[in-house]
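Trainee: Assemble the whole structure, with the sequences as input and the hints as a guide.
Those protein sequences? They're chains A and B, same order as listed.
Read left to right, the first sequence gives residues 1 to 517 (the working numbering).
Read left to right, the second sequence gives residues 1 to 517 (the working numbering).
Please keep in mind that the hints were generated in silico from the structure rather than gathered at the bench.
Don't take every hint at face value.
Just so you know, same-sequence chains aren't split out, so a pair can sit in one copy or run between any two.
[Stated by the list, open to error] No more than 20 Å apart at the CA atoms, straight line, and that leaves these computed lysine to any residue pairs for SDA-like:
hint : residue 1 : residue 2
1    : K496      : D129
2    : K324      : D364
3    : K464      : L141
4    : K496      : P255
5    : K464      : S138
Number of protein chains: 2
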Amino acid sequence: MSDITPLSSYLEDRWQSGEGDGSALYDPTSDAIVARASTKGLDLAAAFRHARTVGGAALRGMTFAERGALLKAMSKAIHARREELIEVGRINGGNTRGDAKFDIDGATGTLMYYAGLGKSLGDKTLLLDGDPITIGASSRLQGQHILTPKPGVAVHINAFNFPAWGLAEKAACAILAGMPVISKPGTATAMLTWAMVKAVTDADILPAGVLSLVVGSARDLLDHLEWGDVVAFTGSADTGEMMRRHPRVLATGVPVNVEADSLNATVLLPDAEDATYDAFIRDVHREMTQKAGQKCTATRRIFVPEDMIDEVVEDLGERLAGTKVGDPARDDVRMGPLASKAQLTSAREGIAALLGETDVAWGDPAGGDVLGVDGGGCFVTPLLLRAESATGGDAVHRLEVFGPVSTLLPYADLDEAAEGVRMGQGSLVCSIYGDDRKALGAIIPRLAGWHGRIVVTDAKIADKAYGPGMVMPHLLHGGPGRAGGGEELGGLRGMKLYQQRTAIQGNGPLLARLLDR
Amino acid sequence: MSDITPLSSYLEDRWQSGEGDGSALYDPTSDAIVARASTKGLDLAAAFRHARTVGGAALRGMTFAERGALLKAMSKAIHARREELIEVGRINGGNTRGDAKFDIDGATGTLMYYAGLGKSLGDKTLLLDGDPITIGASSRLQGQHILTPKPGVAVHINAFNFPAWGLAEKAACAILAGMPVISKPGTATAMLTWAMVKAVTDADILPAGVLSLVVGSARDLLDHLEWGDVVAFTGSADTGEMMRRHPRVLATGVPVNVEADSLNATVLLPDAEDATYDAFIRDVHREMTQKAGQKCTATRRIFVPEDMIDEVVEDLGERLAGTKVGDPARDDVRMGPLASKAQLTSAREGIAALLGETDVAWGDPAGGDVLGVDGGGCFVTPLLLRAESATGGDAVHRLEVFGPVSTLLPYADLDEAAEGVRMGQGSLVCSIYGDDRKALGAIIPRLAGWHGRIVVTDAKIADKAYGPGMVMPHLLHGGPGRAGGGEELGGLRGMKLYQQRTAIQGNGPLLARLLDR
Numbered sequence: 001m002s003d004i005t006p007l008s009s010y011l012e013d014r015w016q017s018g019e020g021d022g023s024a025l026y027d028p029t030s031d032a033i034v035a036r037a038s039t040k041g042l043d044l045a046a047a048f049r050h051a052r053t054v055g056g057a058a059l060r061g062m063t064f065a066e067r068g069a070l071l072k073a074m075s076k077a078i079h080a081r082r083e084e085l086i087e088v089g090r091i092n093g094g095n096t097r098g099d100a101k102f103d104i105d106g107a108t109g110t111l112m113y114y115a116g117l118g119k120s121l122g123d124k125t126l127l128l129d130g131d132p133i134t135i136g137a138s139s140r141l142q143g144q145h146i147l148t149p150k151p152g153v154a155v156h157i158n159a160f161n162f163p164a165w166g167l168a169e170k171a172a173c174a175i176l177a178g179m180p181v182i183s184k185p186g187t188a189t190a191m192l193t194w195a196m197v198k199a200v201t202d203a204d205i206l207p208a209g210v211l212s213l214v215v216g217s218a219r220d221l222l223d224h225l226e227w228g229d230v231v232a233f234t235g236s237a238d239t240g241e242m243m244r245r246h247p248r249v250l251a252t253g254v255p256v257n258v259e260a261d262s263l264n265a266t267v268l269l270p271d272a273e274d275a276t277y278d279a280f281i282r283d284v285h286r287e288m289t290q291k292a293g294q295k296c297t298a299t300r301r302i303f304v305p306e307d308m309i310d311e312v313v314e315d316l317g318e319r320l321a322g323t324k325v326g327d328p329a330r331d332d333v334r335m336g337p338l339a340s341k342a343q344l345t346s347a348r349e350g351i352a353a354l355l356g357e358t359d360v361a362w363g364d365p366a367g368g369d370v371l372g373v374d375g376g377g378c379f380v381t382p383l384l385l386r387a388e389s390a391t392g393g394d395a396v397h398r399l400e401v402f403g404p405v406s407t408l409l410p411y412a413d414l415d416e417a418a419e420g421v422r423m424g425q426g427s428l429v430c431s432i433y434g435d436d437r438k439a440l441g442a443i444i445p446r447l448a449g450w451h452g453r454i455v456v457t458d459a460k461i462a463d464k465a466y467g468p469g470m471v472m473p474h475l476l477h478g479g480p481g482r483a484g485g486g487e488e489l490g491g492l493r494g495m496k497l498y499q500q501r502t503a504i505q506g507n508g509p510l511l512a513r514l515l516d517r
Numbered sequence: 001m002s003d004i005t006p007l008s009s010y011l012e013d014r015w016q017s018g019e020g021d022g023s024a025l026y027d028p029t030s031d032a033i034v035a036r037a038s039t040k041g042l043d044l045a046a047a048f049r050h051a052r053t054v055g056g057a058a059l060r061g062m063t064f065a066e067r068g069a070l071l072k073a074m075s076k077a078i079h080a081r082r083e084e085l086i087e088v089g090r091i092n093g094g095n096t097r098g099d100a101k102f103d104i105d106g107a108t109g110t111l112m113y114y115a116g117l118g119k120s121l122g123d124k125t126l127l128l129d130g131d132p133i134t135i136g137a138s139s140r141l142q143g144q145h146i147l148t149p150k151p152g153v154a155v156h157i158n159a160f161n162f163p164a165w166g167l168a169e170k171a172a173c174a175i176l177a178g179m180p181v182i183s184k185p186g187t188a189t190a191m192l193t194w195a196m197v198k199a200v201t202d203a204d205i206l207p208a209g210v211l212s213l214v215v216g217s218a219r220d221l222l223d224h225l226e227w228g229d230v231v232a233f234t235g236s237a238d239t240g241e242m243m244r245r246h247p248r249v250l251a252t253g254v255p256v257n258v259e260a261d262s263l264n265a266t267v268l269l270p271d272a273e274d275a276t277y278d279a280f281i282r283d284v285h286r287e288m289t290q291k292a293g294q295k296c297t298a299t300r301r302i303f304v305p306e307d308m309i310d311e312v313v314e315d316l317g318e319r320l321a322g323t324k325v326g327d328p329a330r331d332d333v334r335m336g337p338l339a340s341k342a343q344l345t346s347a348r349e350g351i352a353a354l355l356g357e358t359d360v361a362w363g364d365p366a367g368g369d370v371l372g373v374d375g376g377g378c379f380v381t382p383l384l385l386r387a388e389s390a391t392g393g394d395a396v397h398r399l400e401v402f403g404p405v406s407t408l409l410p411y412a413d414l415d416e417a418a419e420g421v422r423m424g425q426g427s428l429v430c431s432i433y434g435d436d437r438k439a440l441g442a443i444i445p446r447l448a449g450w451h452g453r454i455v456v457t458d459a460k461i462a463d464k465a466y467g468p469g470m471v472m473p474h475l476l477h478g479g480p481g482r483a484g485g486g487e488e489l490g491g492l493r494g495m496k497l498y499q500q501r502t503a504i505q506g507n508g509p510l511l512a513r514l515l516d517r
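Mentor: Right under this line is the structure:
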């Protein structure tokens, strides 16, 4: 790769380049610069106005079926360039082929899912929310809740780890709900997002103003927020807090949906059947190594009955030992580098902090074998740590190392396990492996309030269950507390962020006629 | 009133007095001090811990039916002291008997409504949200969304204008959802809230830790927020912004539901039938004068076809002229004073600002007749202003005078009316009076995205319709943009703030058994 691709932004329906060199984007396998992106001098104010007026009017004038058709066309345009995009995922993200497919197919699949929802909602432009309610002595006096598009623009700020899926899952919900989108991917891996949106604009399928893309530094992006806009953010808790305290966010009260770091836990229950135990080992291994552990849903804390710890270390260690790390271009490599030098530095610091209160159960904090690379690159090899107890420690419940690093926490009884999980203060997902109905029935309600999703795996579904790290459009994605308090996806639920709920109150028969549209 | 009542706070299940004199509470009719409240030295940290642990565990251990029974008992205990509370509303709020009943009966009615919801939800402790969803090739792999109580405490910060209803409507939703409550009324009128909670604690009906009351300055209230807590606030946009930027709110991402100022509009459509027009005049008059205009849902902007302005001024003026203002203890008085000197000052400043861009259509900005009062008191007499056009002006769309003050805005066509309404940048409620289905069908979807509630009044329901200012527990209360972006009430919808939505994913038949509780 001697070429450096200049990336541009798509604003006001044209690709526009910022001034100067801007930020460099790297190949994290070789440390070579592969692209550059600048947003300097771009007129974001005009882009916001254009999206709000032209894009908003276009979408509000369309039925759900028509909006769904847009999503289907987007999905097809992206899928048509799948091989090219997989290659970009490797070059600018260090993705193995499997990791790139997980991201890109996740994007097209989510778009198709919401396209299907749009089709099933059909020729309507507003959604009824619940049934008519009689509110007075006369049955004529009724109320009906409806959902209509919020009147502004949806600003999407995504993380570097899913440059394809991140844009698609947010845009699918917003566009189907009827809001235009301005999307900003994490700069470090934005080449894939840029290539994906190029596939969409080349296909010329979206009405003017519906989708804009900002590639490079965010600069004054949030300064242009107005009443009626929405922000959805995925990234670190620190950046999430920065957005919440942005003067325009505070002044306008624009909703900010945050998906942030979380210390997702898995709990192996005592007396799990063999098939359940095997699924547990399989899933923990996948969550540690897929995308080099750079998933917001990856398992960070592994709660295990204390008398099973040694067995788990042995079985997980065996799997980890068989996972080849190195240049993702090689067919035998199963795990690539982290996405950037910044992530490498952050992961190394995090490992050092965790080692202050944990022991190494498997792996080498100084790094293990890396295939096909002569030094350099952003590699972290898998590392399994072990805490003294489920509820001791501090960093282990608070500090997310965004890489192939997880910690085993031995527990004596279910109370201790539940309390340990709770110490994470809210997560995107928790997974529980077990077959004891009584234990499952006790622990699920206890943990539900701290989680956006709980994955229960028992022997009956062990061989076909998806692991906790796979986010599906049918189910809620987001978690309370430390995970940011956001709600994305979950079918129609994911559109709520972009919709205003309104109670319409009046003459029932008249309302029925007016709202049937 | 020569007695000054010392008010205390109810924390850790006992009434506790703060140190020193604290804040003075006044009778706004006579300017006499009627009570004092101090929170100095109270251990709020201990109160939060107690509520979270003891109160939270108690509620989570109860079924919806049992929680509903608590609300019913609260409602009855408050209703049993109705006459006494009406008197307190007059003494510390300047309420006429009608205004006090509106507040107190609103409180007991809302509690009873949610008690009924609890009964109908029955012997369950968690709510299913939607149907099971098949998520894989195998029909055994399913997802089910559930709603469970958030694990912290609900902090309620209420406005001075509804000391009874404000506590009740928030507490009803939180307690039925399963969260303990710490409620802080606006200090100026907190004597009524204090007396109401005394009725509840004297009846000894709530489990320990379920309800706490902070009477007086908030001091360090928000410093004790933790992950899992929730804040619901009603009051000014400025204070709402202050809460959103509180360090603990930013650090924990605790959800803050804000109900703030809004410039609620009413639109009289051209060609309204006589009955519809009469309802319009009746409702605008009520919204201007009920509670002396101190309702967050009161109508502030009155959009009228330009050729009907003179007729509307005449008809409204006639009604306003018949509304006697003065000492609320007098039987002939229909409107009392504002609630406090601070409100009086703020209203006077607001009137001066509005007069910079409007003319007086009816009333005297210097004040009209006040019955039974020899000067003093916090009186503002009704004032109807008139703007040049529906979309001109600035303050009229932005500045809420929290008193009996509204502005007429003449419009030429529906586009202009809709644009004028939109300039309020989001309101709690908009009301539309008309019989032209085509016009109604055009304007409702256009305005819905800017409103939490739209009240449509046509000739068929004109005589029995509730005005827009009446908040009902069945329907959503809250509005986007300037109105704060909150969502309260609306039946089960009002519980959502206090519930975590969780997708449970796994073996369908097993989940069905585990979640049937």
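Trainee: For every hint, state whether the structure bears it out.
Mentor: These are the hints, each one checked on the structure:
1. K496 / D129: Both: 11 Å inside a chain and 14 Å across chains, each within 20 Å.
2. K324 / D364: within (14 Å within a copy, 84 Å between copies)
3. K464 / L141: between (51 Å within a copy, 8 Å between copies)
4. K496 / P255: both (11 Å within a copy, 16 Å between copies)
5. K464 / S138: between (54 Å within a copy, 8 Å between copies)
Of the hints listed earlier, there is not a single one the structure fails to meet.
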